[in-house]
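Participant: Respectively, the protein sequence lines represent chains S and V. Numbering follows the numbering used here, with no gaps: position 45 of the first sequence is 45. Numbering follows the numbering used here, with no gaps: position 222 of the second sequence is 446.
Since the hints were made in silico from the structure, they are not lab data. Mixed in with the good hints there might be a few duds.
Pairs of lysine-lysine residues, derived as DSS-like cross-links and limited to a Cα-Cα distance of at most 25 Å, are as follows [as the list claims (entries may be wrong)]: (1) V:Lys469 <-> V:Lys482; (2) V:Lys469 <-> S:Lys200; (3) V:Lys526 <-> S:Lys5; (4) S:Lys200 <-> V:Lys526; (5) S:Lys84 <-> S:Lys95; (6) V:Lys401 <-> V:Lys266; (7) S:Lys5 <-> S:Lys200; (8) V:Lys401 <-> S:Lys5.
Since the model is a prediction, treat every value here as computed from it, not as a measurement.
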Amino acid sequence: MTRPKGTLIRNSTGTRLNHWLTAACFVLLVLSGLSMFHPLLFWMSALFGGGQWTRAIHPWIGLVLAVSYAAMIVQFLRDNLWSKDDIAWARTIDKVLANEEEGVPEVARFNAGQKMVFWSMTLLIPVLLVTGIFVWDYYFESLTSIETQRYALLIHSLAAIAAIIIWITHVYAAIWVRGSMRAMTQGYVTPGWAWRHHRKWFRSLAATGSAGPRPGKAADETHK
Amino acid sequence: MADLQSQDYIRRSATTLTPPSARSHEDQVAKLIDVTRCIGCKACQAACMEWNDLRSPVGEFTGSYDNPHDLDPHTWTLMRFTEHETDDGNLEWLIRKDGCMHCEDPGCLKACPAPGAIVQYANGIVDFISAHCIGCGYCVAGCPFNIPRISKVDHKSYKCTLCSDRVEVGLEPACVKACPTGAIMFGSKADMTDWAGDRIDDLKSRGYQNAGLYDPPGVSGTHVMYVLHHADKPSLYAGLPDDPKISPAVTFWKGLIKPVALAGVALAAVSGFLHWVIAGPNEVQPEDEAEAEHLLAAERSKKDGDNRYNADKPA
Chain S
1 MTRPKGTLIR
11 NSTGTRLNHW
21 LTAACFVLLV
31 LSGLSMFHPL
41 LFWMSALFGG
51 GQWTRAIHPW
61 IGLVLAVSYA
71 AMIVQFLRDN
81 LWSKDDIAWA
91 RTIDKVLANE
101 EEGVPEVARF
111 NAGQKMVFWS
121 MTLLIPVLLV
131 TGIFVWDYYF
141 ESLTSIETQR
151 YALLIHSLAA
161 IAAIIIWITH
171 VYAAIWVRGS
181 MRAMTQGYVT
191 PGWAWRHHRK
201 WFRSLAATGS
211 AGPRPGKAAD
221 ETHK
Chain V
225 MADLQSQDYI
235 RRSATTLTPP
245 SARSHEDQVA
255 KLIDVTRCIG
265 CKACQAACME
275 WNDLRSPVGE
285 FTGSYDNPHD
295 LDPHTWTLMR
305 FTEHETDDGN
315 LEWLIRKDGC
325 MHCEDPGCLK
335 ACPAPGAIVQ
345 YANGIVDFIS
355 AHCIGCGYCV
365 AGCPFNIPRI
375 SKVDHKSYKC
385 TLCSDRVEVG
395 LEPACVKACP
405 TGAIMFGSKA
415 DMTDWAGDRI
425 DDLKSRGYQN
435 AGLYDPPGVS
445 GTHVMYVLHH
455 ADKPSLYAGL
465 PDDPKISPAV
475 TFWKGLIKPV
485 ALAGVALAAV
495 SGFLHWVIAG
505 PNEVQPEDEA
515 EAEHLLAAER
525 SKKDGDNRYN
535 ADKPA
């Protein structure tokens with residue numbers, strides 16, 4: 001990927017590829033899962049070649065997502081650790097939502113909202129994986145009791161709905177905060193974007209002469 | 225079963241509209257299994273295999289009269305044998321013909337996500353329309369009696385049809401026809417309930433004080449009913465549920481959360497759109513770029529200074 005001179009690396013190529021693998025799996029899981037959740041959405045099973053195919057393929061896509069999300073945890077964990085500053089930022093959420101910059105604390109690589117997305121998914125995806133395996137009839141029908149499977153189906157649905165709502169928030173935030181989408185497609189942001197949205201991150205990059213995505217790395221890239 | 229009758233549905237799985245139901249002027253039917261008259265001959269099992277062309281793979285003997293050991297995609301009815309010792313030391317051999325109970329409020333149908341894969345006809349029979357089955361196993365979770373079995377070969381769910389194909393043309397189910405002792409009866413639900421009443425009076429007069437009819441109200445009654453000598457303890461009969469009802473987990477999963485979840489998802493999307501209209505996008509301003517450049521320039525000059533300082537030092 002050619003990166004314009006002077007821009008900063010927000011997400012490395014590996015991170016971006018893995019993110020979009022997760023995203024593709026998630027979208028396919030939402031479409032196939034919702035088609036088996038509500039009769040009004042059963043028509044979406046046609047996208048997968050019918051109900052039998054939808055039922056058969058959904059858990060396999062889920063396994064791919066579980067693996068890719070595990071890799072995503074490794075890629076993003078360090079920058080998503082919770083800190084006191086996040087609470088201060090969250091208190092100014094009304095200003096954030098109104099696009100006001102005044103009085104909003106500076107944030108590092110991820111703000112409290114992004115961390116909320118990360119941790120929600122980090123909690124929900126293992127729940128979906130375990131409950132999903134319990135109700136994967138073909139291989140695991142006798143792994144657990146039918147009573148366990150009943151609750152697994154309920155929890156799987158609830159967790160999926162929560163994940164979908166968080167995912168919608170995540171996608172909208174990427175549309176709302178201009179420049180974010182390119183940060184995950186082409187991988188770079190302008191210094192002004194970093195200054196405006198992630199000033200603490202920007203300061204740490206500037207101080208170490210790094211082009212990102214983490215301070216102190218790839219220091220020589222800055223002057224390319 | 226094939227979808228032969230399609231205008232007398234009172235319930236159709238995963239369907240939000242009223243299914244075709246014009247031809248609904250039918251009696252509610254019921255099969256009455258009088259456990260007290262069963263001799264365990266398995267003629268009903270053989271007749272079921274014969275009429276429905278079912279052959280389960282030959283299994284192994286493990287010391288039980290139950291053969292096969294359990295229901296499977298090719299075994300839709302099964303005699304379950306229980307040796308029960310009464311309080312006064314007598315041995316009773318309780319033999320129950322297990323199979324679909326054809327619930328008035330079928331949990332399988334409630335749980336099924338595939339439109340039309342499970343239907344209930346006006347006469348009360350609950351039938352699986354295999355062409356529409358997606359093999360997910362939700363019916364297994366929905367059923368309070370542990371009846372449906374999913375085939376590993378064709379990924380379809382199977383269970384007793386109450387010989388809906390025979391009943392439709394005025395014949396009794398195959399098991400009823402084959403039973404040599406009249407322990408299995410078939411007719412309108414009202415007639416079968418009356419018949420059971422007479423039989424229960426008879427049993428009580430002969431010392432079975434707890435004899436009674438098993439027509440569990442938890443599933444709004446069933447279209448397969450049992451006469452039991454110990455109706456106070458149905459679980460004696462190879463685990464027949466004492467008070468079967470659709471699990472609250474299934475009721476919640478298939479009830480309230482469906483509309484609430486869709487509303488929640490829609491609300492999230494609409495909120496995003498409204499935010500876009502009200503607050504609009506958050507765009508980087510020229511001042512931001514200027515501030516950023518300013519900081520970068522300051523950091524660069526600081527570093528250049530450091531480098532010059534380091535260069536002056538002797539190596």
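Participant: Is Lys469 (chain V) close enough to Lys200 (chain S), meaning Cα to Cα at most 25 Å?
Facilitator: With Cα atoms ~58 Å apart, Lys469 (chain V) and Lys200 (chain S) exceed 25 Å; violated.
Participant: Lys84 (chain S) and Lys95 (chain S): Cα distance at most 25 Å?
Facilitator: Holds, at roughly 19 Å.
Participant: Check whether the Cα positions of Lys469 (chain V) and Lys482 (chain V) lie no farther apart than 25 Å.
Facilitator: holds (20 Å)
Participant: Regarding the pair Lys401 (chain V) and Lys5 (chain S), is the alpha-carbon distance no greater than 25 Å?
Facilitator: Distance ~87 Å between Lys401 (chain V) and Lys5 (chain S) Cα, so the pair is violated.
Participant: Between Lys526 (chain V) and Lys5 (chain S), does the CA-CA distance stay at or below 25 Å?
Facilitator: Given pair Lys526 (chain V), Lys5 (chain S) holds - Cα atoms ~21 Å apart, limit 25 Å.
Participant: Take the C-alpha atoms of Lys401 (chain V) and Lys266 (chain V), compute the straight-line distance between them, and say whether it is at most 25 Å.
Facilitator: Holds. Lys401 (chain V) to Lys266 (chain V) sits at ~13 Å (cutoff 25 Å).
Participant: Does Lys526 (chain V) lie within 25 Å of Lys200 (chain S) when you go C-alpha to C-alpha?
Facilitator: Holds, at about 18 Å.
Participant: Holds or violated: are the alpha carbons of Lys5 (chain S) and Lys200 (chain S) at most 25 Å from each other?
Facilitator: Given that 25 Å is the threshold and the Cα spacing comes to 22 Å, the pair holds.
Checked against the numbered hints above, the structure breaks hints 2, 8 and satisfies the rest.
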